[in-house]
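K.L.:
Given next are the chains, with one letter for each unit.
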Amino acid sequence: MHWKEDSAEEGDLLRNALAGCEKAWADLFRMHYHRVYAFAFRSGLSAEDAEDAAQEVFVKAARYLETFKGDSAFKNWLYGIAHHAVMDLLRKRGRREVLLERLHENDTTSKCSAAAKHTEVGDVLGQLPDDLRMAVVLIYYEGKTHKEASKIMDCAETTVSWRIYIAKKRLRKLLEKRG
Amino acid sequence: MKDDPIEKYLVKLEVPTPQQEAVERALHRSTLAFKNRVEPKITQRENTVFKWFEKYYLAVAFAIVFAAFASFFPWAERVCPAASETSDLLAIYSEVKMLFQNNLVAVLLQGSELKVQLGVPRNVAGARVMFVEFSRGDEKIKVLCLEGSALRVPLQGKVQPVLEAMPTADGGVILMGDSFVWSRAMPQTINGYNISARLL
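Quick note, the sequences are listed as chains S and Z, same order. If you use the numbering used here, the first sequence corresponds to residues 1 to 179, in order. If you use the numbering used here, the second sequence corresponds to residues 1001 to 1200, in order.
A hint or two may mislead.
Capping the alpha-carbon separation at 27 Å, the derived lysine-lysine pairs in DSS-like fashion look like this [said to hold, decoys possible]:
hint: 1; chain 1: S; residue 1: 169; chain 2: Z; residue 2: 1008
hint: 2; chain 1: Z; residue 1: 1158; chain 2: Z; residue 2: 1140
hint: 3; chain 1: Z; residue 1: 1142; chain 2: Z; residue 2: 1115
hint: 4; chain 1: S; residue 1: 69; chain 2: S; residue 2: 147
hint: 5; chain 1: S; residue 1: 177; chain 2: Z; residue 2: 1008
hint: 6; chain 1: Z; residue 1: 1115; chain 2: Z; residue 2: 1140
hint: 7; chain 1: Z; residue 1: 1158; chain 2: Z; residue 2: 1115
hint: 8; chain 1: Z; residue 1: 1008; chain 2: S; residue 2: 168
hint: 9; chain 1: Z; residue 1: 1035; chain 2: S; residue 2: 69
hint: 10; chain 1: S; residue 1: 60; chain 2: Z; residue 2: 1035
hint: 11; chain 1: S; residue 1: 173; chain 2: Z; residue 2: 1012
hint: 12; chain 1: S; residue 1: 177; chain 2: Z; residue 2: 1012
hint: 13; chain 1: S; residue 1: 147; chain 2: S; residue 2: 60
hint: 14; chain 1: S; residue 1: 69; chain 2: S; residue 2: 23
hint: 15; chain 1: Z; residue 1: 1035; chain 2: S; residue 2: 23
hint: 16; chain 1: Z; residue 1: 1115; chain 2: Z; residue 2: 1097
hint: 17; chain 1: Z; residue 1: 1008; chain 2: S; residue 2: 147
hint: 18; chain 1: Z; residue 1: 1012; chain 2: S; residue 2: 147
hint: 19; chain 1: S; residue 1: 60; chain 2: S; residue 2: 23
hint: 20; chain 1: S; residue 1: 69; chain 2: S; residue 2: 151
hint: 21; chain 1: S; residue 1: 151; chain 2: S; residue 2: 60
hint: 22; chain 1: S; residue 1: 173; chain 2: Z; residue 2: 1008
hint: 23; chain 1: S; residue 1: 168; chain 2: Z; residue 2: 1012
hint: 24; chain 1: S; residue 1: 169; chain 2: Z; residue 2: 1012
hint: 25; chain 1: S; residue 1: 92; chain 2: S; residue 2: 60
hint: 26; chain 1: Z; residue 1: 1097; chain 2: Z; residue 2: 1142
To give a feel for the contact side, a few chain S residues facing chain Z, derived at Cβ under 8 Å [to be verified]:
hint: 27; residue: 22
hint: 28; residue: 25
hint: 29; residue: 29
hint: 30; residue: 35
hint: 31; residue: 37
hint: 32; residue: 38
hint: 33; residue: 42
hint: 34; residue: 47
hint: 35; residue: 55
hint: 36; residue: 58
hint: 37; residue: 62
Hint data in this document are derived by calculation from the structure and do not stem from the laboratory. Glycine is no exception: its CB is placed at the ideal position from the N, C-alpha and C atoms.
With these hints in hand, go ahead and build the complete structure from the sequences.
P.N.:
Given below as structure tokens:
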């Protein structure tokens, strides 16, 4: 089977994992965990929720690995699962609660060395609606093309472009307010 | 790309390092899930039909049982087959009428053939559609026309009649030719064809 793989190493790992090799799966996990966790965090989840989301993504990915057809890169397949997991958690928790939690984290822990910056940018991003923020994260942080983002978010490419346009407009206004 | 102040600003968002414990837990749980992963049981070929059946088999079974029961009840017989035929005939007429507009005199149905009689129809306001059937043995010619139309029906035989189809006061139909009159009260054949007619 031929996949759209990021590297020959990833291709080998996928083949071995599909053949049932646990070590190959663990290597795939280590290769992609931080990426998925960062995506979940930037999408508006707290650090703890981002860890939970990342865990859920890999549990689902492991369970349904056989359904990965290779018509997209493996990491994009993971982003697709992550998108749903993050949206579910955001709905469950409510964004306001998450924002409060982030501010609290900033006061009490030293999880992030650049906490002040992280909180400020996170706050601004947090003021965007979920779908706009998700588009911004995929395009600007994860480096996806509009086409790739549209597949991950299960919407039209033009919808992604429109969301980015609106998100940038809103971010500009928010930044102006902050001086 | 990074000249955009928004992009420059967004870059500042740093991600805290996840707790090692959480990473290990996620690896452990995903490995357990990996051991119990779902094997695709359905081949691509049978996928669609089988999935559909698997999803809806209860609904299908219920529909079959319901249809079987329904056929035993008297109310099921209230649906008149003629009503269905009437609506089909009206639909045919209106479709052909849309094609030929004011040049359509009659629609003739013979077996699987559909023919049209074109001309200048009599323009009667509020005219209703009539159905006339000529039958001889297995041969059947069905005619759809507006009341007052002069029909030229290709009947086999010596006489090629021009029949005018008119409504009667009691809701029936009367067909009149040069030396020929047909009504339900005075039924007669023409070239060996039996006639039946009604308003639709």
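K.L.:
Indicate, hint by hint, whether the structure satisfies it.
P.N.:
So, going through the hints one by one against the coordinates:
At most 27 Å may separate the alpha-carbon atoms for a hinted pair to count; residue 169 of chain S and residue 1008 of chain Z meet this at roughly 15 Å. For the hint linking residue 1158 of chain Z to residue 1140 of chain Z, the alpha-carbon distance of about 18 Å falls within 27 Å, and the restraint holds. Note on residue 1142 of chain Z and residue 1115 of chain Z: the hinted pairing holds, with a Cα-Cα distance of about 10 Å set against a maximum of 27 Å. A threshold of 27 Å between alpha carbons decides the hint, and for residue 69 of chain S with residue 147 of chain S the separation of about 18 Å falls inside it, so the pair holds.
For the suggested pair residue 177 of chain S and residue 1008 of chain Z, the alpha carbons sit about 17 Å apart, so the restraint of at most 27 Å is met. Proposed proximity of residue 1115 of chain Z and residue 1140 of chain Z is supported: the alpha carbons are some 13 Å apart, at most 27 Å. The straight-line distance between the Cα atoms of residue 1158 of chain Z and residue 1115 of chain Z is roughly 21 Å, inside the 27 Å bound, and the hint therefore holds. Between the alpha carbons of residue 1008 of chain Z and residue 168 of chain S the distance comes to roughly 12 Å, so the proposed pair stays at or under 27 Å and holds.
Restraint check for residue 1035 of chain Z and residue 69 of chain S: satisfied, since their Cα atoms lie roughly 19 Å apart, inside the 27 Å limit. With a C-alpha separation of about 12 Å, the suggested pairing of residue 60 of chain S with residue 1035 of chain Z holds against the 27 Å cut-off. Between residue 173 of chain S and residue 1012 of chain Z, the direct Cα distance comes to roughly 18 Å. Compliance with the 27 Å bound is thereby established for this hinted pair. Among the hinted pairs, residue 177 of chain S with residue 1012 of chain Z is consistent with the structure: their alpha-carbon atoms are about 18 Å apart, no more than 27 Å.
Restraint check for residue 147 of chain S and residue 60 of chain S: satisfied, since their Cα atoms lie roughly 24 Å apart, inside the 27 Å limit. This hinted pair checks out: residue 69 of chain S and residue 23 of chain S have alpha carbons roughly 21 Å apart, not beyond 27 Å. At most 27 Å may separate the alpha-carbon atoms for a hinted pair to count; residue 1035 of chain Z and residue 23 of chain S meet this at roughly 12 Å. Taking the CA atoms of residue 1115 of chain Z and residue 1097 of chain Z, the gap is about 12 Å. The hint holds against a cut of 27 Å.
Note on residue 1008 of chain Z and residue 147 of chain S: the hinted pairing holds, with a Cα-Cα distance of about 23 Å set against a maximum of 27 Å. About 25 Å separates the Cα atoms of residue 1012 of chain Z and residue 147 of chain S, which keeps this hinted pair within 27 Å; it holds. Our distance criterion of 27 Å between C-alpha atoms is met by residue 60 of chain S and residue 23 of chain S, whose separation comes to about 18 Å. Of the supplied pair hints, the one linking residue 69 of chain S and residue 151 of chain S holds, its CA atoms being roughly 14 Å apart against a limit of 27 Å.
Between the alpha carbons of residue 151 of chain S and residue 60 of chain S the distance comes to roughly 18 Å, so the proposed pair stays at or under 27 Å and holds. Taken as a hint, the residue 173 of chain S and residue 1008 of chain Z pair is honoured in the structure, with Cα atoms around 15 Å apart against an allowance of 27 Å. Taking the CA atoms of residue 168 of chain S and residue 1012 of chain Z, the gap is near 16 Å; set against the 27 Å cutoff, the hint holds. For the suggested pair residue 169 of chain S and residue 1012 of chain Z, the alpha carbons sit about 19 Å apart, so the restraint of at most 27 Å is met.
Between the alpha carbons of residue 92 of chain S and residue 60 of chain S the distance comes to roughly 19 Å, so the proposed pair stays at or under 27 Å and holds. Only pairs whose Cα atoms come within 27 Å are accepted, and residue 1097 of chain Z paired with residue 1142 of chain Z is accepted, the gap being roughly 16 Å. About 6 Å separates the beta-carbon of residue 22 of chain S from the nearest beta-carbon of chain Z, less than 8 Å, and the hint is met. Hint status for residue 25 of chain S: holds, given a least beta-carbon distance of 5 Å to chain Z, under 8 Å.
Here the hint on residue 29 of chain S is kept, as its CB sits about 5 Å from the closest CB of chain Z, short of 8 Å. Against a cut-off of 8 Å between C-beta atoms, the interface hint on residue 35 of chain S is violated, since the closest Cβ of chain Z lies about 10 Å away. Taking 8 Å as the C-beta contact cut-off toward chain Z, the hint placing residue 37 of chain S at the interface holds, the least distance being around 5 Å. The interface hint given for residue 38 of chain S is met, as the beta carbon of that residue sits about 4 Å from the closest beta carbon of chain Z, less than 8 Å.
Proximity of residue 42 of chain S to chain Z holds as hinted, the smallest CB-CB distance being about 6 Å (cut-off 8 Å). At its closest, the beta carbon of residue 47 of chain S sits 5 Å from a beta carbon of chain Z; the interface hint therefore holds under the 8 Å criterion. The interface hint given for residue 55 of chain S is met, as the beta carbon of that residue sits about 4 Å from the closest beta carbon of chain Z, less than 8 Å. A least Cβ separation of about 4 Å between residue 58 of chain S and chain Z falls short of the 8 Å threshold, and the interface hint therefore holds.
With a cut of 8 Å, the hint placing residue 62 of chain S at the interface with chain Z holds, because the nearest CB-to-CB distance is about 4 Å.
Going through the hint list in order, the structure does not satisfy hint 30, though it satisfies all others.
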